[in-house]
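Asks: Each protein sequence line maps, in turn, to chains A and B. Quick note, my numbering runs 772 ahead of the 1-based positions in the first sequence. Quick note, my numbering runs 6 ahead of the 1-based positions in the second sequence.
These aren't lab readings, by the way, just hints derived from the structure by calculation. Here a beta-carbon is modelled for each residue, glycine too, at the ideal position from N, C-alpha and C. Misleading hints may appear alongside valid ones.
Said to hold, decoys possible - Every beta carbon over 12 Å from chain A, so not counted as near; a handful from chain B, in silico:
{"hint": "1", "residue": "34"}
{"hint": "2", "residue": "175"}
{"hint": "3", "residue": "224"}
{"hint": "4", "residue": "259"}
{"hint": "5", "residue": "266"}
{"hint": "6", "residue": "271"}
{"hint": "7", "residue": "275"}
{"hint": "8", "residue": "359"}
{"hint": "9", "residue": "360"}
{"hint": "10", "residue": "462"}
{"hint": "11", "residue": "490"}
Unchecked claim - Chain A regions said to be covered by chain B (calculated; three or more residues, Cβ under 8 Å):
{"hint": "12", "region": "824 to 835"}
{"hint": "13", "region": "851 to 865"}
{"hint": "14", "region": "967 to 973"}
Listed here are the chains, written in short residue letters.
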Amino acid sequence: MSQTVTLARCRPRRRSWPAWTALADALHAEWTKLRTVPGTGWILAALCVLTIGVGAGTDSATRCATGVGCTLDTTRVSLTGILAGQAVVAVLAVLVISGEYSTGMITATFTAMPRRPVVLAAKAIVLTALVLAASVVAVAGSLLAGRLLLATNGLTAAHGFAVVSLARGPTVRAAAGSVLYMALIGLLSLGVATIVRDSAAATGAVLAVLYVAPIAALFLGSNPVWQRRVERYSPVNAGLTIEDTTGLRHLPIGPWGGLAVLAIWAAAALVAAGLQLRLRDA
Amino acid sequence: MSATTISPYRSPQRAENDSFLRLVRAEWTKFRTLRGWVLAVVIAVVLTDVFGLLVVHPHSPCGSGCHLLVPTGPGGEAVNDSFYFVRRPLAGNGSITVRVTALTGKVSASGGGFFGPGQPQNGLSPGVVPWAKAGIIITQSTRQGSAYAAMMVTGGNGVRMQYDYTSDVPGLAGLVSAASPRWLRLVRSGNTITGYDSPDGSHWTEVGVARLAGLSGTVQAGLFAASPLKFTPNFITYSESGGSVSGSLATGVFDHVALAGSGAGGWTGQNIGASGAGYTGPQIGYRQAGGRFTVTGSGDIGPVVSGAANSSYDTVTIGDHLLGVFLGLVILVVIGAMFITVEYRRGLISTTLTASPKRGRMLAAKAVVIGLVTFAAGAAAAALAVIVGIYVSRSGGVYVLPVGWPTEARVILGTAAMLAVTSVLALSIGTILRRSVVTVATVVVGLVLPYILGASGVLPVGAAEWMLRVTPAAAFAIEQSVPQYHQVIGQYGPPDYFPLAPWAGFAVLCAYAVVGLGLAAYLLRRRDA
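Using the sequences and the hints, build the whole thing.
Replies: Next up, the structure:
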């Protein structure tokens, strides 16, 4: 007597899983992660405090002798704190990805969500949303501080300076552009940190990108060719031209062009990071 | 029945003495066996040099293969030595005495630039720059860079005795005029020259004594006039573009000219430095009518400072080649922070502290190891950057302001020490915070952001100087190689000049590191590992 045993083929059911559902799930997961980590709130608060604080300090120190060719961009002075705040954005971006590598969480993440570029996209979106929200507060606070403090130092309309005001077109552009600048710095940092992975090394790499180019521009006074290259094509120097509201004709690169340069750097870093994620082990 | 004594187990292992050297050795082993860290140090050295050399690649101001001939003074420093000289030889000892009754001047239109040879002098308006000079001088020869001593009236700084380009001694204050003339006297005795001034020609005051090693035999003595470039800062910050520079002339009126001592021949007028960058124009020269001399000259007798402020030379300092240090610094900060934070992350810290329960000594051993490693790496990187950088700049036709070897050694070793102390600071902040990301961000931003804010012209000079005095960024003062001179108006700002002296700036960073280490040791003892 023979008995036929039919073995059911053991195969995982392949659920059709459209990309947008994957992204929605990933977004939900990333938002939960970032929301429940205790540091996030502090970091966003630090972003606002540091940006407004450094800006206000600069405002209150700024004096301008009337007469001798003192041309000063009040909007740009008010937004000086962005130089400090961008470091906080970089720290947040590094923690979003490197934090997972240092705790080993990344293997769980990629097991649950095997489409790695989707994970990166979700992280980018959540990070951008947080940075945008905090930067709106930081930029608004900086401009308000500039409006109040610069006037007390005699940088008033009566002396030929533009009062910091959102009624001025270029100031609106500078304000909106600075918020975008912070978001793009976050994306650039996220890309670099994903490539580097280790949290300390990633922080160092991101900060080198953010701060070495502005210093190089200072050193290169004796080498105008390279100085101009740095001012036109480095992410920070080019990106910060979005803050300028006066003397636009003498800028090394136009405000929106400068922000586009930063956007290209950020996009390149994210694409490289996405490729790295696909090709490497977690 | 016999009693047996059971002795407790004793490890056959001999007890190690926990000497500090043994701890240092343990930490060194931890460092050395992590290939990534050793590699990172090597990368830091390479990047420091490559970035410094590639980016500070000089452009030749006058085509390839040309070299600027900048005169150097007796001390080896680069000098300006252009003036109009009415001279007579003086053999052996003697003296020269004059009365100055007027000092007037002319300034070219703002932004009119340097008086170049053959440049038109339209747009001259009356005006005396503060360091316009007219007076008497005894100099070894008419060669630029000769040893000299001079007594002079100035446009805004009273009577001065200056010698050998860098020394400046104040005499009578106030401006010269026909109503209040100034009497000046120089007395030569061997290679010693003594300067005197007097308001009336009978009551003389000694201003200074100059011992000039390069003065011997027959020297040239006479009257001179010079007027440096007028420099107007266009803003009250250290701005990249500096200020506007325009040329100027000075005219001195002399009488009661008395030259005592043996010499041959009469007065000869000569425009010193006219073949170089000096001004040659029809107004330069001298007139003699009776006992009255009117001498008009342009240029300066004094040290060259960095930047375009007082010279038409395109100069760089040896410190300019250290741009790459900022990149190396970031990498070494990362290593310094990880040296402790990785132990916390991996749990190695409990083993470390079990092996050496004296926690403060463990921290000290780590500081010694990371400090020595970064010092060695920094010294190698800085030495290469400076030595090769100077060579590249000079072969590209850029003039590197000359400094003596002690200054060069101080810049190189000081940069290495700055990197070492910075990594120790990172180690201590890492011990306090235990988190690598925040540690690296704090240290890098703490050092670099004040530097950018202080140097980029965002802040006015007062606030920028404060920033470069009290923050860790003060340490970059160690890269200064050429001194500031109060008698030369210039754009004294980073990266070539700092408000603090080199070692004082370095001490500020050390203070931060000491406080950080102390706090770290305290917290290490108080907290659980």
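Asks: Give a verdict on every hint.
Replies: Outcome of the hint check:
no.	hint	verdict
1	34	holds (20 Å)
2	175	holds (32 Å)
3	224	holds (41 Å)
4	259	holds (32 Å)
5	266	holds (48 Å)
6	271	holds (45 Å)
7	275	holds (37 Å)
8	359	holds (21 Å)
9	360	holds (24 Å)
10	462	violated (6 Å)
11	490	holds (17 Å)
12	824 to 835	holds (count 5)
13	851 to 865	holds (count 7)
14	967 to 973	holds (count 3)
Of the numbered hints listed earlier, the single one contradicted by the structure is hint 10.
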